[in-house]
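In the order they appear, the protein sequences are chains Y and S.
Be aware that the first sequence starts at 0, since it is given in numbering that gives the first Met the number 0, and climbs by one per residue.
Be aware that the second sequence starts at 0, since it is given in numbering that gives the first Met the number 0, and climbs by one per residue.
Just to be clear, a hint being listed does not mean it is correct.
As the list claims (entries may be wrong) - Derived pair list, reagent style DSBU-like, types lysine-lysine, alpha-carbon separation capped at 35 Å: (1) K110/S to K286/S; (2) K198/S to K1/Y; (3) K84/Y to K12/S; (4) K102/S to K1/Y; (5) K414/S to K324/S; (6) K1/Y to K187/S; (7) K414/S to K1/Y.
To be verified - Pulled a few chain Y residues facing chain S out of the computed Cβ check, cut under 7 Å: (8) E4; (9) V11; (10) A227; (11) G231.
Said to hold, decoys possible - Partial selection, computed: residues in chain Y whose CB lies under 10 Å from chain S: (12) L6; (13) I10; (14) A18; (15) L31; (16) R35; (17) A86; (18) S89; (19) D140.
To be clear, the hints were calculated from the coordinates, so they are not data collected in a lab.
Every residue, glycine too, gets a C-beta built ideally from N, C-alpha and C.
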Amino acid sequence: MKRSELLSRIIVTVAIVGAIGAPLYFWSRTPLIHARMAENGGWSPDVIQAEVGQPLHLRFTSDDVVHGFAVGQMDMPSVDVLPGKVADISLTFDEPGIYTFYCTRWCGLNHWRMRGTIEVAGASTSPKPVSPPLYVSLNLDIDAPHDALFIPDGKPSAVNGQSLAMSSSISLSQEDYFTQSPYQVFDELKGTSLTDEQRWDAVAYLWQSNTTPESLANGKQLYAQNCAACHGENGAGDGVFANDLNEAGEASMQTMTGAHDMVMQTPVDFTDPTRMLGASPALLQGKILRGGMGTGMPMWGVIFTEEQIWDLIAYIYSFQFEYTK
Amino acid sequence: MAKIELTRSPFIKNALKSRYPQLAVFIIMLVGYIFAILAGLIGTPVGSHNFSIVFVWIAWWAVLILVAVPFFGRGWCAVCPIPLPGEWLQRGAILSPPGKRPKWLNLRVPKMFRNIWMQNISFLLLALFSSVLLTTPNITGIVLAAMLFAAIGLSTIFERCAFCRYLCPVGGFIGLYSQTAPIELRIKDKQVCVQCEGKPCYNGSELGYGCPWDVFPGGLSKNTYCGLCMECIRTCPHDNIAVNLRPFSADLAKPSTRIDEAFKAFIMLGSAMIYAGVLLGPWGAFKDAAYNVGTSAWFMYVIIFLAIIFGILPGFFTLGILKTKSRLPVKHCFASLATALIPLGLMFWVAFSLSFVLTNASYIVAALSDPLGFGWNLFGTTNTAWQPMLTSILAPGQTLALVGGLIWSARTAQKASSEINISSIPTIVYSFILTLVMFWLLL
Ligand code: SF4
Ligand code: SF4
Ligand code: SF4
């Protein structure tokens, strides 16, 4: 064989091996977490290992639409994951345990199911006592109906309620706020000289006095990011996904869980007074923590902190009460 | 304008005769091609950030349709990496012609396939699936790999480069439109060929291979089937091969009489119009149908697509011909006059591609720095935002292309019809109406 032919063969072989090998090499050394719509697999991988106190470097890319990444129970800004782009983030965990990470953008119909876990191993630095959530210690049956037996004509006004409450020296302890429904408190005000309308106004005030503007603002933000897609911007259960969820019906549930007899429910309407005024904060906490169990409602307990859930609940009541003039 | 023989320049001639410059380009192209396959398979599935989509369907396409085909004809085929591995395997050599041939089957392609119908079909298949092909890196990777393997496979079964000549979907239309290019490879003196012993340009010699495109250079009269591989320049012992600069569309003066070529013209014309409608038009349902491959809407789209190409466009064209009262068979007139649609089709593609390419060109800059979507930033351009380019020249450029195309095809129609002695009016009117439709679709 001529020298030139031999040389050409060597060059061509090296070029081909390089053209195949180099991308494969970089590919195998580039661990990326891919975000896809839940229907197409969600996060991949969806289980990540980490160590307490060791920074965890993660690189994300989206394979379809814009997603967001955040870890529940952790104070961190969410990271946007754009299609075809790579986003970096470093996290350090102080406590061992299983953390849930989730998508923070309304990426698709089953956005809520786009979750994964970070398993953080290691010893705890400051063990916290674990207490059961309020609804458990109260032994509340959160699936039983808790309807209000009497509802106001319009939206009760906290501003009007304030003067009434002052003059009749009505107040509501934090504990009672958590455990009682607005209707129960309304009912307890029966003995006063107030009219029905005035009693509802007083209840509105009592609810407002158990929250703060910061809490409401925080709750509003959480609601907008996480709940509004189904429950609607204004709480009426008519979010952008509500119709789709309806149409998708059973099939949508089955594709996600493989279960056979799941029924898709329409998202709860927070503007419905019968339902909402009959629900205590503890009851709502239970629903949010645990999720819908067979409805489309996901389990938020792994994502929100306790404080976030109370903020959210305070905000949800604002669909019933007029807090400002 | 007379022809200018470029190979008179010793520099050009030596560059073409030597195997090294071409080999160097080949290697770069092959590396790029293999990289495109891998990028499609392992890179980001987001098309607009994946090398395979951005470089194949935006960058390469732009160069091919706006520069290579109009100005260099089959110039792309001269550097195309697809047939290389197969040819090297077939010849048992990369650079020098071997002493003895390796034993592959080396069969002759059956007569019934020796036309461009297979190319018409392969192009149509890609066209019908183009919405997924053009947006899904995986599919692009698979199709690119399939072409490479098909070329290798055919090289081991059939003689010469059967893939290029009879199957390549790209080769089909490059061949058709290469007739309009101002570059040609031709013999210098017919008499020399007549007396030439052994015809090494076709049969091969120790200097090089026989024409891989199964063409006898001595009989070349149009660019369509010469792949500009330059092998005959190397094999011809009489230095009888020239590469010429010539007036545009010189080949079209002698209209073709082949029905497969005539239909290629309709396929290209029709696809350009349908693409303009689907990709740039305001019809959401049409777009959805094209994109949802496999659904019943898509099957409707396929039916409409094929009906336009094989029914409506050639149908009206034939009606025009029937009005011309010729003594020649309709088939003959049909094929000859379809020649006039070649410049028109080319310019339709140019006009369509202009908007497609200028709209998406900024992806090239971003993908250059992060070709696989792994988060690299090789040249610091990864985060270039998408932005349509040169929007101000788009409409004038398209207008120029369409009007130019119409005038060009009208001239071609006149020549073709005087060749067969019938009126050119129906063909010109036909071209005029199609141009109006294209204007409406594009602007
Ligand atoms: S015919 Fe196709 S495969 Fe062959 S050289 Fe041309 S483009 Fe490449
Ligand atoms: S080798 Fe040269 S002279 Fe001989 S037939 Fe071919 S082109 Fe003509
Ligand atoms: S050998 Fe000559 S005629 Fe044949 S394809 Fe190559 S350049 Fe064209």
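Satisfaction of hint between K12/S and K84/Y, Cα-Cα up to 35 Å: Outside the cut-off at roughly 47 Å; violated.
Against chain S, is I10/Y within 10 Å by beta-carbon distance? Since the shortest Cβ distance to chain S is 7 Å, the answer is holds.
Quick one, is the A86/Y hint okay against chain S at 10 Å, beta carbons? Holds. Min distance 8 Å.
Quick one, are K414/S and K324/S close enough, alpha carbons at most 35 Å? holds, 18 Å
Taking 10 Å as the limit, does the beta-carbon of D140/Y come near enough to a beta-carbon in chain S? Violated, about 46 Å.
Proposed proximity, K286/S with K110/S (alpha carbon, max 35 Å): The hint is violated at about 40 Å.
Agreement of K1/Y and K187/S with the hint, judged by alpha carbon distance not exceeding 35 Å: holds, 33 Å
Take the shortest C-beta to C-beta distance between S89/Y and chain S; is it under 10 Å? violated, 14 Å
Satisfaction of hint between K1/Y and K414/S, Cα-Cα up to 35 Å: violated, 52 Å
How about G231/Y: closest beta carbon in chain S under 7 Å, or not? violated, 27 Å
With the threshold set at 35 Å, check whether the alpha-carbon distance from K198/S to K1/Y stays at or below it. holds, 26 Å
Once the shortest beta carbon distance from A18/Y to chain S is found, is it less than 10 Å? holds, 4 Å
Hints 1, 3, 7, 10, 11, 18, 19, counting from the list given before, are not met by this structure.
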